[in-house]
Amino acid sequence: MASFVHLHTASAFSLRYGTAFPGALAGRAAEHGMDMLALTDRDGLYGAIKHIRACHERGIAPVVGVDLALDGGPASRGRRADPARIVVLARSGGWAALCRLVTAAHHAGERGEPHVTPGMVSEHATGPDGEPALTVMLGPRSGVGRAVAERRDDQARALLAAWRSVVPDLLVEVVDLYGYRDANIAVRMLGLAASMGVPAVLTNAVRYLDAADHQVGNVLDAARKLVPLDGRHLEHPTAHAYLKDGAEMARVASRICGGDAERAALLLAETRRAAERCALDPVEIVPLLDPEDPRLHLPEIGEDPVPLLRHRCEDGLARRGLERSEEARSRLAAELTIIERKRLSGYFVTVAGITDMIRSMGVRCAIRGSGAGSLVNYLTGIGEVNPLEHGLLMERFLSEGRRGLPDIDVDVESARRLDCYRAILDRYGEARVACVSMMETYRARSAIRDVGAAMGLPPHEIDVIAKAFPHVRARQIGAALTDLPELRASGLNDRSLETVFRLAERLDGLPRHVALHPCGVLVGNSSLRDRTPVERSLLDFPMSQFDKDDVEEAGLLKLDVLGVRMQSALAYSLREIERVDGLRIDLEAVPHDDPATYDLIRVARTLGCFQIESPGQRELVAKLEPRTMHDLIVDISLFRPGPVNSDMVTPYLEARHGFREARYPHEALRDALRETNGVVVFHEQVLRVIDVMTGSGLSEAERARRGLGSPEGREAVRAWFVPLARARGFPEPTVEQAWHVLDAFGGFGFCKAHAAAFALPTYQSAWLKRHHAAAFFAGVLTHEPGMYPNRVILDEARQCGVEVLSLDVNHSGEHWLVERTGPVPEPSPDGPRVAELGRGYGLRVPFSAVKGVSDAEVARMVEGRPYTSLADFWERARPSRPVAERIVEVGGFDALHGLRPGEPRWRPGELTRRDLIAQIGTLDRGAAGAAGQLPMAFTERVTPGELPEMTEAEAVEAELAVLGMDVSRHVISFHDELLDAIGVTRAKDLLSRRNGAEILVAGVKVATQTPAVRSGQRVIFTTLDDSTGPVDLTFFESVQGHTAATVFGSWLLVARGVVRRTGGRAVSLRALHCWDLVALDRLWRDRGLDAVRAVLDERPAPGAGVGGRPLEYGNGYRLSPYSDNGAPPAAREGRFLAGSGEPHRRLWHASAGSSGPPPGR
Amino acid sequence: MSRLYGEPIEVWVRDGRPAQFVWRDRLYTVREVQDHWVVVREWWKTSDADPGERRFWRVEAAAGRQVGTYELRFDTAADGWLLLRAWD
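From first to last, the protein sequence lines stand for chains A and B.
Read left to right, the first sequence gives residues 1 to 1161 (full-length UniProt numbering).
Read left to right, the second sequence gives residues 1 to 88 (full-length UniProt numbering).
No lab work stands behind these hints: they were computed from the structure.
Check each hint, because a few of them may be wrong.
Unchecked claim - Restraint ranges, calculated between C-beta atoms of paired labels, are given here:
| id | chain 1 | residue 1 | chain 2 | residue 2 | range |
| --- | --- | --- | --- | --- | --- |
| 1 | B | A62 | A | A211 | 31 to 41 Å |
| 2 | B | D75 | A | E110 | 24 to 34 Å |
| 3 | A | E113 | B | W12 | 43 to 53 Å |
| 4 | A | A194 | B | D75 | 31 to 41 Å |
| 5 | B | A62 | A | A269 | 33 to 43 Å |
| 6 | A | A211 | B | W12 | 46 to 56 Å |
To be verified - In silico lysine-lysine, DSSO-like type, Cα no more than 30 Å apart, as pairs:
| id | chain 1 | residue 1 | chain 2 | residue 2 |
| --- | --- | --- | --- | --- |
| 7 | B | K45 | A | K467 |
| 8 | A | K244 | B | K45 |
| 9 | A | K244 | A | K225 |
| 10 | A | K342 | A | K548 |
| 11 | A | K225 | A | K467 |
| 12 | B | K45 | A | K225 |
From a predicted model like this one, the values you see are computed outputs, not experimental measurements.
Glycine included, C-beta positions come from ideal geometry on N, C-alpha and C.
Modelling step: build the complete structure from the supplied sequences, incorporating the hints.
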């Protein structure tokens, strides 16, 4: 007998409903011996491609449908009540119709609440040739099912008849989940179907893989409906909605048919027939399943793209001055051969057209990633990196043997990213372009929030509990509670929260909501909407329901247009230089060998620069001492978890500085490895090594390199590599040694093309910092490209000699503005000192930095300048009352009204900030009472000196609260007396301390990071800032027992540590203990200095450190489960400016592995 | 009219459904299953990881010549049967 087919199956891609992933469902179906499986997720086809691939892999025929809400007419709209739902399946060949129906459903409903009407379904249900394209199933949740349940048989009959008249392929779906009356309803639906002559099918309305998943389902029901868990909110009160096997389903059939075997067999046969009508051809929908000749859906160019691309490249040779270069010509010919064989000419022509367009809009645009390795990209102007200059290979980007499509990524100014999207949409039209989506999934914090809410915990408690965890996966919650000292001590680990945590772990990785991918743009042809469903993103962009992997699998081409804040910062800096100094600078034309710039980098004054500002990078550049662009490329490549952990850094540095000879496994490999002194740093070198040793060519080498990522892959590559190398006559030890190098570093190397693309903005930012410091900081402060909060950047600006000018209603602008404050000092012959870099310039705090100010208010404030008084400002800029008060608090009117905070506080007859704040109250009441009736003169009158002035401490406190930074004074300066009394060493004096000395340091916490380190420990790196420079502290696991909670939870810290010299000019401290400075200060005031000394003298025994087994890699590379995964934050894409760019009120940088403040503090 | 009991009983199960049970020292033979449904316990109100489910059976059963309708309940966590109600 043919197997049963589940026609109604929700996967985890039914958001906050399903619990199992498509792969697991397909796997289970295969285990049950089923030869077909449908996926019918709620509201979309988010999981469809994954389902089709999973089915294909297991030899199962895929069926795809969607479970859609029905618009019940005006009466039901807006009601929170459950809408009726129907299931629509694509019949074989009906994929396009299904995509278009889903798209239409999303356009009809509110965003996030798609729905259909019978009319819409009917419109799509028939194909152009009159053949039915869709199958509609009406189950217990449909209007028909509900009428049956309520025993309104006439209504059920009428509804079914109405559907039958508009949909050619209609089915009644019977379901029995063993709930109270389920069987009863199923029996009557079966009767109704028989009497109306509509075929009936049996499904299990699957949403679980196993019955045990029902608790997760219950939690999701509550989370979706925003209600606490209660019997009446559950969608399925039983645990039976799991993927049952054929025998179980036969029992269900028999039960519904009252034990009548013949009728049961009929029901199952009808189900099978329906499935067979709907089996899809996987390769048609997922062309990449056909590795030989995938059918791509390229954009239409309007003419033959092959000669077009050839012409553009030819022009490029001339423009780049490479006409006579034999190397360039032969490389170009090789690249074009592969591009044309893969029929990708049109893709390159399209991308070149898009980058041209972006630049013509005046937006900075740079290539990133492996695409920089292609000469075609350089010649067509897609990128500015010449691959020949840096020895970059195209095979890393696009090669003969590579499955899938090449990925061209371009970076644009983050503030203009959406403008770029709009321009692309305008040029190609909405029918051909869509953004790519991505699924946000449950992680520890979000899972705890949703489960906590479902279990009815008070919201503020949920907030405290969730924030206590670092950003780890949900399934690590239990482990984190026992592993991490700060959580062990938190009291969260008690029985009352056990259920919350247990369930939160079960939500691990489930998709939570769909969001716009930060950079992917799909450029297709006019059939795009036959291939992917499209919904609206939050910002109203058309957005495919497929994620970036699905898009590629579906044979659609995408371009990554990434918003990079540093590009915005650079553009802003250039505009400020032009505005203030009248200089037009072409950053692309700046020579790449400016010694002054490299001098700045070598002394690690890189705060604010792209990629090289983190504490670890500052340490590395100080040791590496870059002098050329190539050094920067190596530096960026070395600073990643892999190389750091595999200890590639030390041998490279030793050879670089001549402490030891560069070593090569074999003379033949010298060429490939010379640029990095024998150490494998780049993917490109891995390719060359493999090519030299095996003679297999670079394309084949690239395929082998990809295999090095996994242990099984490495075995396979080894089995292929070793015999080939031996056959080429390499002696056994050389082969072994070469293999060892590949084995250890191959998986961790970095794509040199990517590093080369990154090194450009790195250099450009450092160049600007060196030569136009004030404008550089203005750009960085305005666009916040890096890891540090603005108060740290501002302090760096101050240390570079730039004056920080407080908010002034008559001088501040929308963004940070540069002002000339005095003469620029003549440069001394050996170049200016760091403290002189920005001399003669000031930075003006902008209106937009004020907490809570709206864009419209900022625009009015800027528009209305100059102002003659507070009342004038109030009248014309029309700020909200709290915003006006905040502006006064941080000194926005000091210049206008001649105010200054500080002593004496009582100044009879002299105006104070507090007087002005009081005046705002009067103005506000005046406006509220009788608009426009109070004469101006009345409100203008302020009694001066009625209220006391703010102290300097209060002023700084207000600056921190309102602006998120200390403008007038460094906050640590208020504690100078105590710090001097206990003998704290300042950052500027650290270099004079001997190695191994035990000292006290203090400062404002600037950053905490828990990066991957060699030992596999969780190590906390913390940077303090004490107004004289940064202090870098390292907390190893042995001291985290008594320090972790303070490090993560406090802002002002005092720490005891051992001096460790790390380079010529670099010092860091191994921390032993740390304290909250504010607490010490209180102790000092209450109990005196001796009490503080007693606390500082405590020597807690090294406690139990961080638990958790490190993840071990084949080559001995170990990783703490709590280290930040992926690249260090600064090397990641950075934060993306989403929408309007809410100003960040962060006071310090915390990496993903950092815990939040512990509860109860 | 049904009467409520809630008394523990012993049940013999055949093919996944109750076939015979002993209640108050009398043996009842199940003649027909009239209804069967499942209710999952409200697990979030207890501290047990899985409080299990309750399976209800409404059956027509006979003890000798006396025929009646009985509602039986099986609790998976307690692994025990109760006779909940009887219409006899």
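Quick rundown of the hints versus the structure:
Between A62 (chain B) and A211 (chain A) the CB atoms are about 33 Å apart, so this pair conforms to the stated range of 31 to 41 Å. A C-beta distance of roughly 44 Å is found between D75 (chain B) and E110 (chain A), which places it outside the suggested range of 24 to 34 Å. Between E113 (chain A) and W12 (chain B) the CB atoms are about 52 Å apart, so this pair conforms to the stated range of 43 to 53 Å. Checking the proposed 31 to 41 Å range against A194 (chain A) and D75 (chain B) shows it holds: the Cβ atoms sit about 37 Å from each other.
Against the hinted window of 33 to 43 Å, the Cβ-Cβ separation of A62 (chain B) and A269 (chain A) comes to about 36 Å, which satisfies the hint. In this structure the hint that A211 (chain A) and W12 (chain B) lie 46 to 56 Å apart at CB is violated, the actual value being about 24 Å. Between K45 (chain B) and K467 (chain A) the CA atoms are separated by roughly 25 Å; this keeps the pair inside 30 Å, and the hint holds. Among the hinted pairs, K244 (chain A) with K45 (chain B) is consistent with the structure: their alpha-carbon atoms are about 28 Å apart, no more than 30 Å.
A hinted pair counts as satisfied when its Cα atoms are at most 30 Å apart, and K244 (chain A) with K225 (chain A) qualifies at roughly 27 Å. As the CA atoms of K342 (chain A) and K548 (chain A) are separated by approximately 20 Å, the hinted pair is consistent with the 30 Å bound. With a CA separation close to 23 Å, the supplied pair K225 (chain A) and K467 (chain A) stays within the 30 Å bound. For the hint linking K45 (chain B) to K225 (chain A), the alpha-carbon distance of about 19 Å falls within 30 Å, and the restraint holds.
Going down the numbered hints, you'll see the structure goes against 2 and 6, while the others check out.
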